[in-house]
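Add chain E to chain A, keeping to what the hints say.
Chain residues, written in single-letter form:
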Amino acid sequence: RKEVEQDPGPFNVPEGATVAFNCTYSNSASQSFFWYRQDCRKEPKLLMSVYSSGNEDGRFTAQLNRASQYISLLIRDSKLSDSATYLCVVNKGGRRALTFGSGTRLQVQP
Amino acid sequence: GAVVSQHPSWVICKSGTSVKIECRSLDFQATTMFWYRQFPKQSLMLMATSNEGSKATYEQGVEKDKFLINHASLTLSTLTVTSAHPEDSSFYICSALSEEKLFFGSGTQLSVL
Numbered sequence: 242r243k244e245v246e247q248d249p250g251p252f253n254v255p256e257g258a259t260v261a262f263n264c265t266y267s268n269s270a271s272q273s274f275f276w277y278r279q280d281c282r283k284e285p286k287l288l289m290s291v292y293s294s295g296n297e298d299g300r301f302t303a304q305l306n307r308a309s310q311y312i313s314l315l316i317r318d319s320k321l322s323d324s325a326t327y328l329c330v331v332n333k334g335g336r337r338a339l340t341f342g343s344g345t346r347l348q349v350q351p
Numbered sequence: 023g024a025v026v027s028q029h030p031s032w033v034i035c036k037s038g039t040s041v042k043i044e045c046r047s048l049d050f051q052a053t054t055m056f057w058y059r060q061f062p063k064q065s066l067m068l069m070a071t072s073n074e075g076s077k078a079t080y081e082q083g084v085e086k087d088k089f090l091i092n093h094a095s096l097t098l099s100t101l102t103v104t105s106a107h108p109e110d111s112s113f114y115i116c117s118a119l120s121e122e123k124l125f126f127g128s129g130t131q132l133s134v135l
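These protein sequence lines are chains A and E, in that order. Following the working numbering, the numbering of the first sequence begins with 242 at its first residue and continues without gaps. Following the working numbering, the numbering of the second sequence begins with 23 at its first residue and continues without gaps.
Calculated directly from the structure, the hints in this document are not laboratory data. Computed from a predicted structure; not experimentally measured. Where is the CB? At the ideal position from N, CA and C, for every residue including glycine. It cannot be assumed that every hint is accurate.
A few chain A residues facing chain E, derived, Cβ under 10 Å [stated by the list, open to error]:
hint	residue
1	Q247
2	D248
3	F252
4	Y277
5	K283
6	P285
7	K286
8	L287
9	L328
10	R346
11	V349
In isolation and in its complexed conformation, chain E is listed as follows:
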């Protein structure tokens, strides 16, 4: 199947700093990528849909100024958590469509101290 690379796998940062997470489609072009967040023992919640060359579409309740998404090329989307706080600690995971199937990056565990 298609390969989606996400890094870093985990990051620990101080409150108030910004963290950038990268998501790359390695062997296919992804015009659309999705960013999910998962808290412990909960389901994956869609945060935003990232569209190459245009603005991302955010789900209700997700602050666009806090979670900056850039999809500058067909193989790369980035999510920047700005001014992170402890409540932003979560598992962030990206995904992309290839041939009608959704493939996931390996996820990023963010811990904000």
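If we strip away everything but chain A, and leave its shape as in the complex, we get:
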């Protein structure tokens, strides 16, 4: 079983739609969680951290469910510029090396 699992997609949605991604992680001792965005052949960029209480940043909402070991990302009012691969990232602590999911590809269509 992979340490971090995501549905690879692609998710094809029209502009303005609401879309949600889930990600599961296997290590219950994982300490911190993030969503990164990666455009094709570019470096990943931090989208948002994920907190137990849930957090929101504009059109983006992230939630963490430690009991079920999954995190989610909700994007409201999708824009064409949201088209990218969204990476679920988990930090097990210690050396602080992050473990990346394989990413979920989102394609927002006009």
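Then chain E, alone, in the frame of chain A:
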């Protein structure tokens, strides 16, 4: 946010040659840097953790003699792919921690002919 500079952005080389990739933290000191590799449509895979002034820590399955890492200063880590082969063709990316957040270099696309 913090800036991590990586170069070259892409390199094409012949099989058997060595390629050096540099990763610099421009506005902060990074005692630890990470090197990742990403094959098409796959996730970033951690190759090694680079520690300033000491030997790098390699992940299982990564050959330390093939992927030489040097972290001689607080702002520079280098990855040298020695005797590159076509199967080493990949996207290599470095990252460094700043204020609890991970920042990435822009990546190096390596193509070995």
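The hints, checked one at a time:
1. Q247: holds (9 Å)
2. D248: violated (13 Å)
3. F252: Result: violated, 15 Å to nearest chain E Cβ.
4. Y277: holds (9 Å)
5. K283: holds (7 Å)
6. P285: With Cβ-Cβ at 6 Å, under 10 Å, it holds.
7. K286: holds (7 Å)
8. L287: Status holds, d = 6 Å.
9. L328: Status holds, d = 7 Å.
10. R346: holds (9 Å)
11. V349: violated (19 Å)
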